[in-house]
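Engineer: As they're listed, the protein sequences go chains A and B. In terms of the working numbering, the first sequence is residues 1 to 194. In terms of the working numbering, the second sequence is residues 1 to 194.
The set of hints was computed from the structure by calculation and includes no laboratory data. Among the clues, some could well be false.
Unchecked claim - Only some residues are given here: those of chain A computed to face chain B with a beta carbon under 10 angstroms:
1) 28
2) 31
3) 32
4) 121
5) 146
6) 150
7) 161
8) 189
These numbers were taken from a predicted model, which means no experiment stands behind them. C-beta: ideal position from N, C-alpha, C; glycine also.
Protein chains: 2
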Amino acid sequence: MTRQPDPRRRNEQSRRAILQAAAELCVQVGFAATTVEGIAARAGVGKQTIYRWWPSKAAVLLEYMQDLRAATADFLDTGDVLTDLVAQTTAVQRLLTSDAGAIWRGLLVTAQTDDAAASGVRELIERAIDDGRARLATAQRDGQIRADVDLDIAVELIFGPLYHAWLLRARTLPEQHMAEVLRTLFAGLAPTPA
Amino acid sequence: MTRQPDPRRRNEQSRRAILQAAAELCVQVGFAATTVEGIAARAGVGKQTIYRWWPSKAAVLLEYMQDLRAATADFLDTGDVLTDLVAQTTAVQRLLTSDAGAIWRGLLVTAQTDDAAASGVRELIERAIDDGRARLATAQRDGQIRADVDLDIAVELIFGPLYHAWLLRARTLPEQHMAEVLRTLFAGLAPTPA
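Extracted from the complex, chain A is given alone in its bound form:
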């Protein structure tokens, strides 16, 4: 019995090689100078192979970011929501301050002027927000978050400060930054009533 090559497996290898090449090139030459031609050359494939699967370099890089987030910054459920949020958001902070942060910054900038990139970026952000909201919903059901908290607002209270510090202020964040943000958010700013 002869074994047929598995086309799906070959595609997956090729897909990963292309995503990896795109990410490396983007980090090396910057988002603006990254081209589909350059990605193809670096991955050792034809340009048409890339265009068969992705409409643009932004689409390739978005898929890279989506894979990376899924692999490194998934939400866990250990039963304690604060522990899980600290772990997940600290992983996101690590991503943002790694080479991948430069890729994500390039995509966010492009999204402000390119409609296709904008819808891809928004989809990725909404997916992350849905994941966060799902973890918060479990916590709220378990009584770890007040019943009257609007979870859409809670998600933005968690990710907003991180993006504000990273994207707008470009400030250097200590490793325990998100632990402190989340501790403050869970306790609230108001003094405990006497």
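Chain A is fixed; fit chain B onto it per the hints.
Structural biologist: Below, chain B without anything else, positioned relative to chain A:
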């Protein structure tokens, strides 16, 4: 006695006319297509008049944004910090969702790739953050904010969610959005201990 024209006054009128022309042009044609030449033509001044005072279109538009924020979104101190924060951040939300929001978006995008614009944008953001922190410091001294809250983190917990919703998600925000965000932040996410 003959009256001398006041050169400072004339300059202030001219300054305002140039800022206004820059803002109108930017809203009309978009940030990328706005030029110093176009601003000069619209303001009815020579290009050199603009370059005498500002190094670039970004610098003109930054000064416009700074004036606008000072005029419409200053921090008050009525004695109740939550009231004052709701008023100020709701005014900022109104700015972001007005024509000025498109100008600010253009400046934020440019800041990601242009160092001079980046330092101007950062200065404007840091000034807003300093104002916010000063109001929070008074509140903390007055016992309206817990003594152990880090005010740098508190400021990002206040402005972060607004920028996250506006810049990254481009979602439509109800007028009372920041009131709800701030109410949630002051109360905290954790359930009240029984």
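Engineer: Run every hint past the structure and note whether it holds.
Structural biologist: Right, here's what the structure says about each hint:
1. 28: 17 angstroms, violated
2. 31: 9 angstroms, holds
3. 32: At about 7 angstroms, which falls below the 10 angstroms cut-off, the nearest Cβ of chain B leaves the hint on residue 32 of chain A intact, so it holds.
4. 121: Hint holds; residue 121 of chain A Cβ to chain B Cβ min 8 angstroms, cut 10 angstroms.
5. 146: This hint holds: residue 146 of chain A lies near chain B, its Cβ roughly 5 angstroms from the closest one there, short of 10 angstroms.
6. 150: At 7 angstroms from the nearest chain B Cβ, residue 150 of chain A passes the 10 angstroms test, so the hint holds.
7. 161: 4 angstroms, holds
8. 189: With a closest approach of 5 angstroms, the residue 189 of chain A hint holds.
In terms of the numbered hints stated before, the structure departs from hint 1 and from no other.
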